[in-house]
Amino acid sequence: GNSVTQMEGPVTLSEEAFLTINCTYTATGYPSLFWYVQYPGEGLQLLLKATKADDKGSNKGFEATYRKETTSFHLEKGSVQVSDSAVYFCAQETSGSRLTFGEGTQLTVNP
Amino acid sequence: DTAVSQTPKYLVTQMGNDKSIKCEQNLGHDTMYWYKQDSKKFLKIMFSYNNKELIINETVPNRFSPKSPDKAHLNLHINSLELGDSAVYFCASSLSGQKNNEQFFGPGTRLTVL
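Protein chains in written order, with my numbering: chain R, -4 to 106; chain B, 230 to 343.
The hints are simulated quantities; they were obtained by calculation from the structure and are not laboratory data.
Check each hint, because a few of them may be wrong.
[What the hints assert, rightly or not] Below are the DSS-like pairs computed for lysine-lysine, each with C-alpha atoms no more than 30 Å apart in a straight line:
| # | chain 1 | residue 1 | chain 2 | residue 2 |
| --- | --- | --- | --- | --- |
| 1 | B | Lys251 | B | Lys281 |
| 2 | B | Lys238 | B | Lys300 |
| 3 | B | Lys273 | B | Lys238 |
| 4 | B | Lys270 | B | Lys281 |
| 5 | R | Lys55 | B | Lys270 |
| 6 | B | Lys296 | B | Lys265 |
| 7 | R | Lys55 | B | Lys238 |
| 8 | B | Lys281 | B | Lys300 |
| 9 | B | Lys265 | R | Lys55 |
| 10 | B | Lys300 | B | Lys248 |
| 11 | R | Lys47 | R | Lys63 |
| 12 | B | Lys270 | R | Lys47 |
| 13 | B | Lys296 | B | Lys238 |
| 14 | R | Lys47 | B | Lys273 |
| 15 | B | Lys273 | R | Lys63 |
| 16 | B | Lys300 | B | Lys265 |
| 17 | B | Lys251 | B | Lys269 |
| 18 | B | Lys296 | B | Lys273 |
| 19 | B | Lys270 | R | Lys63 |
| 20 | R | Lys55 | B | Lys269 |
| 21 | B | Lys300 | B | Lys251 |
| 22 | B | Lys269 | B | Lys238 |
| 23 | B | Lys265 | B | Lys248 |
| 24 | R | Lys55 | B | Lys273 |
| 25 | B | Lys296 | R | Lys51 |
| 26 | R | Lys47 | B | Lys265 |
| 27 | B | Lys251 | R | Lys51 |
[To be verified] Simulated restraints, written as ranges between beta carbons of each label pair:
| # | chain 1 | residue 1 | chain 2 | residue 2 | range |
| --- | --- | --- | --- | --- | --- |
| 28 | R | Asp50 | B | Asp267 | 28 to 34 Å |
| 29 | B | Thr341 | R | Glu10 | 32 to 38 Å |
| 30 | B | Ser234 | R | Ser(-2) | 29 to 35 Å |
Each residue gets a CB set at the ideal place from its N, CA and C atoms; glycine is no exception.
Only chain R is shown next, with the shape it has when bound in the complex (with noise of 0.2 Å):
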């Protein structure tokens, strides 16, 4: 079936450094791919997303790439500030409209 998994939390980095938070999926076709952040207290927005192989999706500073010869989204983000600091979620859409979530990671940026 159709899964999303994502590297276990959680992540503490300080301020300014490389960010790289892996998520793998196992699908029929070519989903689309999607992260999405969570801030403290709040609902989970949308960050960036792919719909196609080798698109890269970018916001914020944060980038990731849709590879197909590796089922992999990895979420990147060159400098980190503290204001990054949240969980993130890797997804894939499947059928029926249906959203399907990784584990979620826990990031904190200290400064």
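Model the placement of chain B on the given structure of chain R, informed by the hints.
Leaving out everything else, chain B in the frame of chain R:
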């Protein structure tokens, strides 16, 4: 403001009670969802409605009953609440017919069952 709104934001209640959570969206979307987020932040879909019709019904106890009076509203009624129902419940909405199914989430309702 255009958004997905939920009420109440917090709900504390005793085991065995019946409670409802309301959700409204003014984004003109035709599909709405309910998700449950547990204490480990794991997010799982419960229900989805498209134009007031149920399209996704995951393995959820029948104590949970969604109701969609119109495509802008999707309410969640829970009977005979149990301790394990304690979680954050998120409503979301989207527009069908698009390949990249971006969903817009409400702020969540934190349910605590004592």
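Hint check:
As the CA atoms of Lys251/B and Lys281/B are separated by approximately 15 Å, the hinted pair is consistent with the 30 Å bound. Note on Lys238/B and Lys300/B: the hinted pairing holds, with a Cα-Cα distance of about 22 Å set against a maximum of 30 Å. A hinted pair counts as satisfied when its Cα atoms are at most 30 Å apart, and Lys273/B with Lys238/B qualifies at roughly 19 Å. Among the hinted pairs, Lys270/B with Lys281/B is consistent with the structure: their alpha-carbon atoms are about 28 Å apart, no more than 30 Å.
Only pairs whose Cα atoms come within 30 Å are accepted, and Lys55/R paired with Lys270/B is accepted, the gap being roughly 23 Å. Proposed proximity of Lys296/B and Lys265/B is supported: the alpha carbons are some 16 Å apart, at most 30 Å. For the hint pairing Lys55/R with Lys238/B, the CA-to-CA distance comes to about 28 Å; that is within 30 Å, so the pair holds. Distance check on the hinted pair: Lys281/B and Lys300/B sit about 5 Å apart at the alpha-carbon level, within 30 Å; holds.
Note on Lys265/B and Lys55/R: the hinted pairing holds, with a Cα-Cα distance of about 27 Å set against a maximum of 30 Å. Taking the CA atoms of Lys300/B and Lys248/B, the gap is about 22 Å. The hint holds against a cut of 30 Å. The suggested pairing of Lys47/R with Lys63/R holds, with an alpha-carbon distance near 9 Å, which does not exceed 30 Å. For a cut-off of 30 Å, the pair hint linking Lys270/B to Lys47/R stands: about 28 Å separates their Cα positions.
Distance restraint check for Lys296/B and Lys238/B: the Cα-Cα separation of roughly 19 Å lies within the 30 Å cut-off, and the hinted pair is therefore satisfied. At roughly 24 Å between alpha-carbon atoms, Lys47/R and Lys273/B fall within 30 Å of each other, so this suggested pair holds. In summary, the hint linking Lys273/B to Lys63/R is supported, as the alpha carbons are separated by about 25 Å, within the 30 Å threshold. At roughly 21 Å between alpha-carbon atoms, Lys300/B and Lys265/B fall within 30 Å of each other, so this suggested pair holds.
A distance of roughly 24 Å separates the Cα atoms of Lys251/B and Lys269/B; the hinted pair therefore holds under the 30 Å criterion. Under the criterion of a C-alpha separation no larger than 30 Å, the hint pairing Lys296/B with Lys273/B is consistent with the structure, at around 19 Å. Note on Lys270/B and Lys63/R: the hinted pairing holds, with a Cα-Cα distance of about 27 Å set against a maximum of 30 Å. Note on Lys55/R and Lys269/B: the hinted pairing holds, with a Cα-Cα distance of about 26 Å set against a maximum of 30 Å.
Simply put, Lys300/B and Lys251/B have alpha-carbon atoms about 13 Å apart, close enough for the 30 Å limit, and the pair holds. This hinted pair checks out: Lys269/B and Lys238/B have alpha carbons roughly 19 Å apart, not beyond 30 Å. Annotation: proposed proximity of Lys265/B to Lys248/B holds, straight-line Cα distance about 15 Å (limit 30 Å). Using a Cα cut-off of 30 Å, the hinted pair Lys55/R and Lys273/B holds, with the two alpha carbons roughly 27 Å apart.
Restraint check: the Cα-Cα separation between Lys296/B and Lys51/R comes to about 38 Å, which exceeds 30 Å; the hinted pair is violated. Between the alpha carbons of Lys47/R and Lys265/B the distance comes to roughly 29 Å, so the proposed pair stays at or under 30 Å and holds. A threshold of 30 Å between alpha carbons decides the hint, and for Lys251/B with Lys51/R the separation of about 36 Å lies outside it, so the pair is violated. For the hinted restraint 28 to 34 Å between Asp50/R and Asp267/B, the CB-CB distance of approximately 31 Å keeps it satisfied.
Distance hint for Thr341/B and Glu10/R: a CB-CB separation of about 35 Å, consistent with the stated range 32 to 38 Å. Range check, Ser234/B to Ser(-2)/R: about 31 Å between beta-carbon atoms, so the 29 to 35 Å window is met.
Figure legend: structure checked against the earlier numbered hints; hints not met, in rising order: 25 and 27.
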